[in-house]
Every structure is written in C-alpha cells, then in structure tokens.
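These protein sequence lines are chains A and B, in that order. So the numbering used here is basically just the index in the first sequence, starting at one, shifted up by 744. Just so it is clear: in the second sequence, position 140 is 120 by the numbering used here, and no numbers are missing.
Hints listed in this document are in silico derivations from the structure and should not be mistaken for laboratory results. Every residue, glycine too, gets a C-beta built ideally from N, C-alpha and C. Be a bit skeptical, because a hint or two may be false.
Among chain B residues calculated to face chain A with C-beta under 7 Å, some are [as the list claims (entries may be wrong)]: (1) Y(-3); (2) T(-2); (3) T31; (4) I76; (5) S78.
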Amino acid sequence: MIQDNIDNTAGAGIPNPNRSIPVATGPTVGQPVDMVGARARVSGRVDFALNAVVPGMTHARLLRSPMPHARISSIDTSAAEKMPGVVAVLTAADFDRPGAPARYYGAVLRDQPVLCGEKVRFAGDPVAAVAAETEEQAAAALLEIEVDYEPLPAVGSVAEALAEGAPLVHEKPPLPREASYADIKFHGREGNVCTKFQLRSGDVEAGFAAADHIFDNTYHSPAVQHLTMEPHVVLARFEGERLTVTSSTQAPYAVRDTLAEMFGVASSKVRVIVPPIGGGYGGKTYAKFEPVTAALAWKARRPVKLVLPRDEEFLSLTKHAATIRMRTGVSSDGKLLARDVQVYFDAGAYTDISPRLIKNGGYSTAGPYAIPNVRIDSYAVYTNLPPAGAYRGYGVSQAAWAYEQQMDEMAEALGIDPVEFRRRNLLTEGERFATGEIMREAHWRELLDRTAEAIDYDTDRRVVVDEHRVRGKGVAVILKSTITPSTSHAAMRLDADGSLQVLTSSVEMGQGAHTVLAQLAAQPLGLPVSAVHVTEPDTQYTPYDQTTSSSRTTRAMGGALTSAAHVIREKLLKLAGDLLEVSPTDLELADGQVVAKGSPGVRMSVPEVFRRTRTGSISGDGEVITSGGLDPETGQGIASDHWHQGAAAAEVEVDLGTGKVYVRHVHSIAHAGRVVNPKLARLQMHGSTVFGISHALYEELVYDEGILTNPNLSDYSITAMGDMPAQLEVEFLEDEGEAEIHGLGETTLPPVIAAIGNAVRAAIGAPVRTLPITPERVLEARNS
Amino acid sequence: MDRTDEKSFSCVVNGEYTVLTGADTTPAIVALRAHGLFSVRETCGIGVCGTCTVLLDGEPVSACILPLYALDGRTVQTAEGLEEGGELSDLQQQFIASQAFQCSFCTPGFLMSGQALLDGTDGPLDDEAIEDGLQGHLCRCGCYAAIKEAVRECSAARTCSRAGARG
Ligand code: FES
Ligand code: FES
C-alpha cells in the first residue's frame, strides 16, 4: 500500500502519514520527579526475577557445545539421570513428537533449536538441559552427559562465510515464521547469507561520474556483549497445559507468542510476567531462554528456574560485528553526490532479529545527509559464532562509525572544516532522505553547532601537550529510526478514591519507563504522580505492546496512555458537568478536583463525583499504531514513523608512547521535543555516553578458532568510574509549547563512539578504522 | 553440595544474631541470599564488579568470593540494614535525590562501599577520593556521575549515619 505512493525519480519524496500526540509541560510532565519505587531500589528490595521462588521449584543448567561446528553423533544421558537430585534431563529427542513441543523457534526465521539435535552451530550452542533440586546438582549432572561430536569445518568470520565453497551454517535456508513482522522482507537468501536489505535511490554511477573526488574506505566494529548486571532469569511452571513464565524479558508478548507456537497452544494458555529487570540494552528482546526453561518444566512436571551463569551470558547474544565498505563521491566544493555501501553484519549462528537490524543499520549508512544518489547493500551473514541481535544503538553505532569517520577523512582531504563540511550536507526541513521519505523537524545543524561549541571545537583542535602527549577534538552527528510499523496498547482505570491504575506491558528496566508513563497518565487527569500505580507487565492482564525497545516506550506507550487518560477525562467531566450543571468543555481537572474554568468556586472532588453518581470506576484505553514500510527492491518508503537525532563531541588525550587514549571531555545532545522527566532523561544520555566510551575504547569479544576467549569481566573490560571524562555534559533540544516526544534511550550512543574516533584521528593524525581503539591500534595507525 | 558437609556459622547480620548454614567453602553470597537478603547480588562472580559487596566488620568485601566460614563470629552488613527505624540513611536518600541509579542492580554494592568510605573519612571528599573508595564497582547503566555526586553531597553534609559503626 505504501509502494503506491512511491515515485523513485521524483524529488517530491514520500510524506509521512504518522503523527504523534504532542504534550505540553505541566504539573507532572517536564518535572524531575523521583523514580517510582526509588525507595525499594536503594534498600535493595526491588523484586527482580532473580529473587523469584515458588514451591517445588527446581534449578536448571545447560550443557553447551565445546565446538563451533560439529555433527552430534550421539548423546547419552543415562548416567546423568541417575545423579542425585536430578529431576529431568532434556535433549532434542524429547521434541517434535505428538504432545511434545516444537524444537525450533525464532522471532523471524524458525532456525534456532531449543536444544541441538543433528548439529551444533557455535561453541556454546546448548545440547542438553538438566533440572535438579539444587543448582550444584544440576551442574554435577551435566558432567555425566556424554556427547559424541564429529567436527565440521567452521566459518569464524563474514569473510570466511562468504568465501567460495564455504561450509554452510544452515544447509538450507530456514523457514520464516508465519507470524513475523510487517517491516521484514527477505532477499538473496542463499549460501551463508541469512538475508539482505537493499536501497536504490537516484543514479549512483552518474553521481560518481559527476564527483571530483571519490573516497573508498572500510570500517570495522567488533561483536560486543550487553553485559546486563542481572543475567537472564526465567522461572517456568505448568498447571495442566497452562504455562506461566516469570522472565527478565524486554518483550513479554513476543515471548508469549513464541511459547504458544512452540507448545502448539492458544496464546491465552501462556502467561508471561515481567518484574523490573536489571538492565536490558536490547539483550533481552524476543524469546531467549524461555523456550528451554519451559520445555524443561514440561518434562520435569515441576517448576524450573534458570539463572544464566555469567560465562554463558557472553554466549547468549552479541552486538553485530560489522564490516562496512563505503564509497562516497564529493564535489570539490564539498557536496556529497553519491554513496555506494556494502554492509556486512555478522549474524552469528542464528537469525534472531538480524533481518530488521541489517535493514535499519543498512539505510542508516546514508547518515543524516542529503545525498541524491545512494546504493546500499546490507547483508546478514551466518557464521559459527554466538548469535547477534538487538543492541542499544541497533546497527546505527556500526553505520555511524563508518560514515562519521569518513566525513572527517573527506573534510580533511578537501581542506574544508569538518563541521562546515557536515553543515553543507545535513538534511534540512522537508528534504528527502535516501529512503525517499520527507524529513520533518530536522534539527541536525543545530545539534551539530551546539555540540561543537560545547567543546570549543574551533580552537585548539590539536594540541601538543608535551613530547609524549597530544590532544584532539572530534564531533559526530547521527540519525536513528524506530521500529515502524509498531503497535502499543494501554488501559487504565480511575478508582473512586482518585487513584489511577495503569495497565501497560512496557518493561521497567531501569530506564524509568514506569515513572514517565505515570507522569504522562497523571497530567490529563490532574492527578499527582503518587496517585498512579503502574502495573508490571503480565500478558494475562496488561494489553499488547510490541516490545520495550527501539527508544519507543515514552512516545508510543506514552501516546497510548495519553489517549486512554483523555477517554477517562471525558467520561469524568461528563458526570461532573451534569452534577455541577456546567458544560464539560468548561470544566478542568486539577489536584484531584473538577473545577469550572474561570469560576474556581464551582468545584467538586473526584471522589465526590464518583459517590454522587454511584460510579465504581472509570476505564479507558488507548493505542498508538504506526504505519510505514520499505519496498524490498528499492528500499523506498517510510522507514521510521519519526527520527531520532543526536550529536556528540569529544576531546581526548593520547599517550604517544603507550598508545592509550584518555577521554577528557564529552558533550552529547539529542532532539527531545518534549522531555517528560529531565532527571531520568539525563541518566539515559549519561548511560549512552558510558556505553559509547566503552565501545570506542575497550569492548571486543575475542574468538580463537570460534571459541570465545574472554567470557568474564576480568578479561572483558567495560567503562569503570575512573575511565569517565572529567567533563561530561548532556543537553536536550526541546521544542516550544505542545511538542512531540522523541525517545532518548540510544540516540547519543552512536555519535559518542564516532566523536571519540574523530578526536583520536585529530590527535594522532591518522585514522583508526577498527574498533575498539586499543593502544596497539593507535600505535599501529601512527606508524603507518 | 553434599548435605553432610553442612555446618552452622553464627554471625551478626544487620544487627541481629544469625545462624547461616552451608559448607565451609559455600560462597557467602549464596548463604546470605538463602537467608532472604536479596540486596546481595551477583554479576561477575569473580570479585571484580562490586555488585555483591557487603561490609564485614565495616570493611567492604565481595560476597561472591568470600567463603562462608569467613563470616563466623563476625559482623555483616547488607543494604537491608542501612535503614534505621524505618528511615533511609542519608546516603540512601541522597542516592534518590541525585538519581544515582537506573536498574539499581549495582546500587546496594555502591551504597555499602560508599558508606564505608564515608565512615572512614572526615569532611568533604573530592572526586579522586570518591573514585578511590568506589574503585572496583561497575555500573553498566552508566550512573557514575550521579553516584559520585551522591557521595560528594553526603560527604559535604556529613551528617551521614555511621552505619559501619553501628554493626
Ligand atoms: S559479583 Fe562479586 S564482585 Fe562481581
Ligand atoms: S544502575 Fe543498572 S547497573 Fe548500575
């Protein structure tokens, strides 16, 4: 339907049909209220899934393959079954029989086995699971399971996977799931190519022919781990064929649907409950360990709890390693004329959400720039490595690492100031993006100017401190989409005591979702935040929401709640209007009172309206359903219902002797539209900065012949307090009056990485095109 | 763990005489959580992230690598014991005011080392002293700036309850 609107040759572009619900700052929106439940958080009493206990509960452990690619010739569990405390041992043989669960699952392609049968596809692929009375007993039983493997040649990288005659990770392309997602299309599925996304806009060859300079560079980002401090936790129990799962998931409804399909039951037979979770960052999106824990509970006929050990967390999911070859044609006066990109995302052994990520990461390589001629081919490639999936930044970190490094390299070659060079090309209001869609609320220039100014970019861009130390400054600017189309529903109930019960399936994972949702729900009803109770996600009661991801909750779920609050408001004002003999349109709500506009003496408390009208409760619901989609051949259409815009600037000091990089100053800025809670929003941006520093300088999963060599926090470093820059600032760009809400969860992560990269380049006079920027790479770049 | 290895260890936990059971080498975190002290949480399990920090006779230690026998006859404090008469400690209150947490999985660990730092020093603390005192604590959500601010503010006000001294 969207394709009908597309005229790939017209300059007019594709108008965006989506609108959000603008909100104004008021008594609750825009206020720095404390996080809901703050007291429980500082007294250590938050009830994480980790704490969950039910009567008769057993404990699970998984046996994992030691080899990256092998055929399983036999599995013998007889000795393990006799071990003390063992309740059940589960293998592939338990599946796909009458009455038994299906063995393959996946959000998009059904290619991931709950437990491997014929072969293993990465070192760490689960082959058996044990439930026992204690975790120690389960672990002891694992040692008694005998598995015979016949090793197969493995592919340890995208290059190996795409080589002539490479061994195949999946012998034949796995089948798509019937109920996948509307935005996902498939392309070029053969060999080890899981799928690809392509975009064709304008005439790339003509663009290159007209260019004065063509730059051709390749950039690399490694796989890294989410490292949530709370691991994945699942507690599954059956009552007859009814399955209840308590899980640390970001996607309760996606988990419910996966489990219902797996057990061949109606989705109403599966109930997923999500307590607050100890960090997500994308790593807990879609079904992860719920299938194996539920299957074990099914076999054990007892409740089973799995707490994933830390070393196995490292094997659960990663950010996609990416290699991006970017050719860009520029005129000598600094206009981008053409861009041709090949993006290779390493999907690992299973598809997970790669088809969406390579699409979003793919079109994002055009950057926030008006480039008339663009060709992008973005591939998800299977390898014999742990699966890659959603990760804070969602492909944009890798894309921006390439395009923002190249912008600086091109600016230098052209002799144009890097900020000025960007300004000449940044998308402005009403211009076409590479997908053909028309950009609205374009603020990139302002964001860039502000961030450059914050670090005084124009002066002292490179400073020699002494013979060993140099300083450099860098900037970066990005655009990021959100899942489109997507669906969020919410319901709420105002009770006679003036309290509001909010039913939402948005997950509280530390981002403060439940606090900002309470603020948004309270305002139209004139309630204080303390009168609002936000229910934890429970698919039996809380309405459908696609996922808590993609920086979408405050806008999408917030919009659904705002609509629901207005439904209740209308009903309440109608009741009160009849009592007060005032037209509902002349009434307003404040401090739990219904008040006539202009006559503050004419008023009635909300509880009194309920009592006098014998009303028990007032319910309302709301929804936000966005539309869009891209043509599978041309990548033209609506990629995102709105766009996230961010920029960052960094100053670093480099020790030329050791190659070590010290970050001195980071400033980041995002277009927020309307900030609902400045205190929590700031922390989201701080978090993005800390991740950005980590990905720029420290993090990398290192594999040796397909085996992960650093699956622990002593060999795998993340940003610590001492690594923080002395100066750290975050800024929001807000709009006046009633304004749209733009998510802030990820927007400044990608530009922080790229800004640090550009600062290092400015300091040492040579680019480091491979992340992370380790001391060795700095020294190597300087010496080359 | 074989039940026959089980022993009893007596210690004072959050001011109350307590008997914990387990083997000599059972990690303290396992016994403390089994005792219902869910503020003690494991992230790394190898003593490098600080999430599981408790105070042993007022000193921060990693409960994930601490054998249970080391608690015998000693005083243990966890985040559950920071409140006094149902009131949050000054540092806890300041953590809320400074919004020094997101998911808060790491928070109890930071609070325990932060309290030990405040108990062992006088007057306002500078950034270096705070970084030193909280070294070895990781927060993946990235709340470092707010955590530093909370400890700094508390040290400047210096009415912080001396939780470590209370025992
Ligand atoms: S869990 Fe004990 S130090 Fe990390
Ligand atoms: S608040 Fe989430 S890890 Fe610190």
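Outcome of the hint check:
For B/Y(-3), the interface hint is violated, the least distance from its beta-carbon to any beta-carbon of chain A being 21 Å, above 7 Å. Taking 7 Å as the C-beta contact cut-off toward chain A, the hint placing B/T(-2) at the interface is violated, the least distance being around 17 Å. For the restraint placing B/T31 at the interface with chain A, the shortest Cβ-Cβ distance is roughly 6 Å, inside the 7 Å limit, so the hint holds. Hint status for B/I76: holds, given a least beta-carbon distance of 5 Å to chain A, under 7 Å.
A cut of 7 Å between beta carbons decides the hint on B/S78: the least distance to chain A is about 9 Å, and the hint is violated.
Hint compliance for this structure: hints 1, 2 and 5 are broken, all remaining hints hold.
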